[in-house]
Every structure is written in C-alpha cells, then in structure tokens.
Amino acid sequence: DVKVTQSSRYLVKRTGEKVFLECVQDMDHENMFWYRQDPGLGLRLIYFSYDVKMKEKGDIPEGYSVSREKKERFSLILESASTNQTSMYLCASSPRGVDSGNTIYFGEGSWLTVV
Amino acid sequence: AQSVTQPDIHITVSEGASLELRCNYSYGATPYLFWYVQSPGQGLQLLLKYFSGDTLVQGIKGFEAEFKRSQSSFNLRKPSVHWSDAAEYFCAVGPYNFNKFYFGSGTKLNVKP
Chain C
3 DVKVTQSSRY LVKRTGEKVF LECVQDMDHE NMFWYRQDPG LGLRLIYFSY
53 DVKMKEKGDI PEGYSVSREK KERFSLILES ASTNQTSMYL CASSPRGVDS
103 GNTIYFGEGS WLTVV
Chain L
-13 AQSVTQPDIH ITVSEGASLE LRCNYSYGAT PYLFWYVQSP GQGLQLLLKY
37 FSGDTLVQGI KGFEAEFKRS QSSFNLRKPS VHWSDAAEYF CAVGPYNFNK
87 FYFGSGTKLN VKP
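Taken in order, these protein sequences are the chains called C and L.
Residue 47 in my numbering sits at position 45 of the first sequence, and the numbers go up by one each step.
Residue 36 in my numbering sits at position 50 of the second sequence, and the numbers go up by one each step.
Keep in mind that the hints were calculated from the coordinates and are not lab data.
Do not take every clue at face value.
Stated by the list, open to error - List time: in silico DSS-like cross-link candidates among lysine-lysine, alpha-carbon distance up to 27 Å:
#1 L:86 - C:73
#2 C:5 - L:98
#3 C:59 - C:15
#4 C:5 - L:47
#5 C:55 - L:86
#6 C:59 - C:72
#7 C:5 - C:72
#8 C:72 - L:47
#9 L:47 - C:57
#10 C:5 - L:54
#11 C:57 - C:72
#12 L:54 - L:94
#13 C:59 - L:47
#14 C:72 - C:20
Stated by the list, open to error - Pairwise CB distance ranges (calculated):
#15 C:20 - L:65: 21 to 31 Å
#16 C:15 - L:65: 39 to 49 Å
#17 L:86 - C:73: 12 to 22 Å
#18 L:28 - C:75: 14 to 24 Å
#19 L:-6 - C:113: 41 to 51 Å
#20 L:15 - C:82: 31 to 41 Å
#21 L:63 - C:17: 42 to 52 Å
Ideal Cβ positions, reconstructed from N, Cα and C, are used throughout, including at glycine.
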C-alpha cells in the first residue's frame, strides 16, 4: 500500500515561530501537495511540487513556503506562524499523469494550533 | 474558473435508506473526477474515480457515482446506508497530469439508527 506519512499529527506553536511540517511518501511519486483544510472551505491547495526542487504556488501560498530536496520528502514551512494559520494540514502525493490505477494519496493530517 | 460545488453541507439519513450526494463542477478541460471520504481526524480515502469510459463507476464500500457531462455533475450514491458511512465526503476534479486538484467544501453525512 502507498503510504504518505506526516511526521507530526498535533502541534501547538506560538505566534511568530517558524514551523516545519514534514511529509514523506514511499511510492516514488513525482507529484506532492500540501493542502489546508478548514470547516466549510474544503481543501485548499497551498503548494505543489512535480519534481525535486520544483514547486508551484497553489491557491493560498501567502505565509507559506515549501522545500523538496529529495523526491520522497516535501516540507511545508510557516516562516512566522500566525493565529490564522491554525488549521489541519494535509499532505498528498500522486504519480504524474492519467492511468487507470492512478490517484492521489493522502496522509493522515497535521493539526496545527498557533497561540 | 475551475471549481467544485457540493451544495449540501450536512445530510442526515436513516440507516438502510438510500443516499445521494451532489457534486457539480466547472472545469475548462477534460475533467478527471474523484470522490473521497474522511472519517473524523483522519486523512482522505478514495471511494471512486472517473477518468473515461462507462459513466457509471463503482467504488468501494458499495458506493457508485454517475458522470453526466451535460449537467457537469458527478453525484455519489449508495442504495442502503450503514452507520459506519457517517463521515465527510469530498468531490474533486483535476487535470490529466494530476496537478492542481480542486475540491468541494465537503458534505457531512449523519446516519440515524
């Protein structure tokens, strides 16, 4: 089975702290994603990466950055955490391109509270 | 603009009753469509997907969905709901290269005994 692992399930950070959320996938997928999930808003794409060192902004990149130095690892960085970044963060990965067996695989999520 | 609309925020059905969750999309290219389910505090699990071919697709846990291009819809159905189906359901649309998927805001399903 494909596994997408988010290293931290629950974090509490202070306003202004730098926060790292780590994600690792074990299926050699080209694409990796970071989504933010808030009640009533569904999943909103923050950043995605289609290859090592390659990244593209999603719909809500402000206040976030990402790093992909290795194919299996995709990190989300909050340079200076703010209370409005309190949310559930979901990492996902997928192969590139349509094939009958392809889909997006999600991690279990990281609950971040900024106080 | 690309978007996915799930018009029902909450739905309550009785156990054993049938279920239909609505999904409408706006997408400028060939849509690749998905339904995911999320149990509380968990990630998302794929229920089913439509890429091409037969417009009625079968998924896991007895779910099915029908793609209607003329209506830009991809509604999820189940003939008989079980208490364990209580969860939040998300519809998503994306492109052939699997980047930039758009998700709906979700429908929370409650199941009455």
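Restraint status (C-alpha distance of residue 55 of chain C to residue 86 of chain L at most 27 Å): holds (17 Å)
Does the Cβ pair residue -6 of chain L, residue 113 of chain C satisfy 41 to 51 Å? Taking Cβ atoms as reference, residue -6 of chain L and residue 113 of chain C lie about 26 Å apart, which means the hint is violated.
Verify the proposed pairing of residue 5 of chain C with residue 72 of chain C, using a straight-line Cα cut of 27 Å. Given that 27 Å is the threshold and the Cα spacing comes to 16 Å, the pair holds.
That 31 to 41 Å hint for residue 15 of chain L and residue 82 of chain C (C-beta), does it hold up? 37 Å Cβ-Cβ, so the 31 to 41 Å window holds.
Pairwise hint evaluation, residue 73 of chain C against residue 86 of chain L, where the allowed Cα distance is 27 Å at most: Holds, at roughly 18 Å.
Quick one, are residue 59 of chain C and residue 15 of chain C close enough, alpha carbons at most 27 Å? holds (24 Å)
For the hint 14 to 24 Å, verify it against the beta carbon of residue 28 of chain L and that of residue 75 of chain C. Cβ of residue 28 of chain L to Cβ of residue 75 of chain C: about 22 Å, so the range 14 to 24 Å holds.
Mind checking the alpha carbons of residue 72 of chain C and residue 20 of chain C for me, to see if they're no more than 27 Å apart? holds (21 Å)
Going straight from one Cα to the other, do residue 72 of chain C and residue 47 of chain L come out at no more than 27 Å? The hint is violated at about 36 Å.
Straight-line Cα separation of residue 54 of chain L and residue 94 of chain L no greater than 27 Å? Status holds; Cα separation ~23 Å.
Would you mind confirming whether the straight-line C-alpha gap from residue 5 of chain C to residue 47 of chain L stays at or under 27 Å? holds (21 Å)
That 12 to 22 Å hint for residue 86 of chain L and residue 73 of chain C (C-beta), does it hold up? holds (20 Å)
Checked against the numbered hints above, the structure violates hints 2, 8, 9, 10, 13, 15 and 19; every other hint is satisfied.
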